[in-house]
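Keeping their order, the protein sequence lines are chains A and B. First residue of the first sequence: 368, per this note's numbering; consecutive thereafter. First residue of the second sequence: 368, per this note's numbering; consecutive thereafter.
Each pair may be met inside one copy or between any two copies, as identical chains are not told apart.
Listed below are the simulated BS3-like cross-link pairs for lysine-lysine, each with C-alpha atoms no more than 30 Å apart in a straight line:
#1 K418 with K436
#2 K418 with K464
#3 K529 with K464
#4 K375 with K418
#5 K504 with K456
#6 K500 with K418
#7 K436 with K408
#8 K436 with K504
Hints were generated in silico from the structure; no laboratory data involved.
Protein chains: 2
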Amino acid sequence: MHQLNLRKARPEDASAVWEIIEPIIRAGETYVFSPDTPREKMLDYWLGADKDTYVAVLDGEILGTFYLKANQPDRGSHVANAGYMVGEKARGKGIAKAMAEFSFVEAKRLGYTAMQFNYVISSNTVAVQLWQKMGFKIVGQVPDAFAHPGLGLTDVYVMYRKL
Amino acid sequence: MHQLNLRKARPEDASAVWEIIEPIIRAGETYVFSPDTPREKMLDYWLGADKDTYVAVLDGEILGTFYLKANQPDRGSHVANAGYMVGEKARGKGIAKAMAEFSFVEAKRLGYTAMQFNYVISSNTVAVQLWQKMGFKIVGQVPDAFAHPGLGLTDVYVMYRKL
Numbered sequence: 368m369h370q371l372n373l374r375k376a377r378p379e380d381a382s383a384v385w386e387i388i389e390p391i392i393r394a395g396e397t398y399v400f401s402p403d404t405p406r407e408k409m410l411d412y413w414l415g416a417d418k419d420t421y422v423a424v425l426d427g428e429i430l431g432t433f434y435l436k437a438n439q440p441d442r443g444s445h446v447a448n449a450g451y452m453v454g455e456k457a458r459g460k461g462i463a464k465a466m467a468e469f470s471f472v473e474a475k476r477l478g479y480t481a482m483q484f485n486y487v488i489s490s491n492t493v494a495v496q497l498w499q500k501m502g503f504k505i506v507g508q509v510p511d512a513f514a515h516p517g518l519g520l521t522d523v524y525v526m527y528r529k530l
Numbered sequence: 368m369h370q371l372n373l374r375k376a377r378p379e380d381a382s383a384v385w386e387i388i389e390p391i392i393r394a395g396e397t398y399v400f401s402p403d404t405p406r407e408k409m410l411d412y413w414l415g416a417d418k419d420t421y422v423a424v425l426d427g428e429i430l431g432t433f434y435l436k437a438n439q440p441d442r443g444s445h446v447a448n449a450g451y452m453v454g455e456k457a458r459g460k461g462i463a464k465a466m467a468e469f470s471f472v473e474a475k476r477l478g479y480t481a482m483q484f485n486y487v488i489s490s491n492t493v494a495v496q497l498w499q500k501m502g503f504k505i506v507g508q509v510p511d512a513f514a515h516p517g518l519g520l521t522d523v524y525v526m527y528r529k530l
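Input sequences plus hints: build the corresponding full structure.
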């Protein structure tokens, strides 16, 4: 059996979602969140009522998660924002790509007509290249917006694609 | 007497702040907020605990308001975000410029090292030109991000300057 199930996150997924998020924010190189962000605060954010949050379940195990939300209220609410995380042991298996493709489908279903990332850290070349392959363009570059633990102040990209 | 006082907003300023905000969001051409956003919701946003909010008081009358906040949490919290509104009867008097200059001083005092606007509507040429004169550069352009009531989908600029 080898089965990937992409579905809405449920309250009982919280521990598995945290197991994915924790090492990523502890490393502190790819997301804005402080390495010592408490579990409760992080899960309140990731699973917040302003978001549609999903999990990627491979053979019964939650290995990835993403959320969709409006990037702006009201007159800007047709543009989705999203965040994605893949567990360490699931890297390189195409989980991220599958989640991304499914997120586009879901975002369209929810009525969004485009997707915007506000904070893709320029040193995270794996992510930048993945998003470019998936149709995103760099539409903005903010100097020194991320305090990288190793590289110091690092530029951040705004990336965008139509849905 | 002709005196401009720039100071932190107080709870008792709420009505005067709403009088500035209401016609601007009702027009719906320069801010993302829906024209029918209720007073309570809008003031909760503008005077929210995540922000430092100020008023510009000319000869005892509140004619402008702005807020400062971190544009991102944690590893991005050295970059300020800000929003500015000037009452209709105060336009063309330099209140916006004075507020802007003071906001840079305050932002530095609060520890920010740069300022970023995420959502300057490209058709709002008065604002775009003012910010450019005040040292901001357009560092990003998001296609069709604003549903303009007259022009339809309109690009939005990301603007940035060091402090």
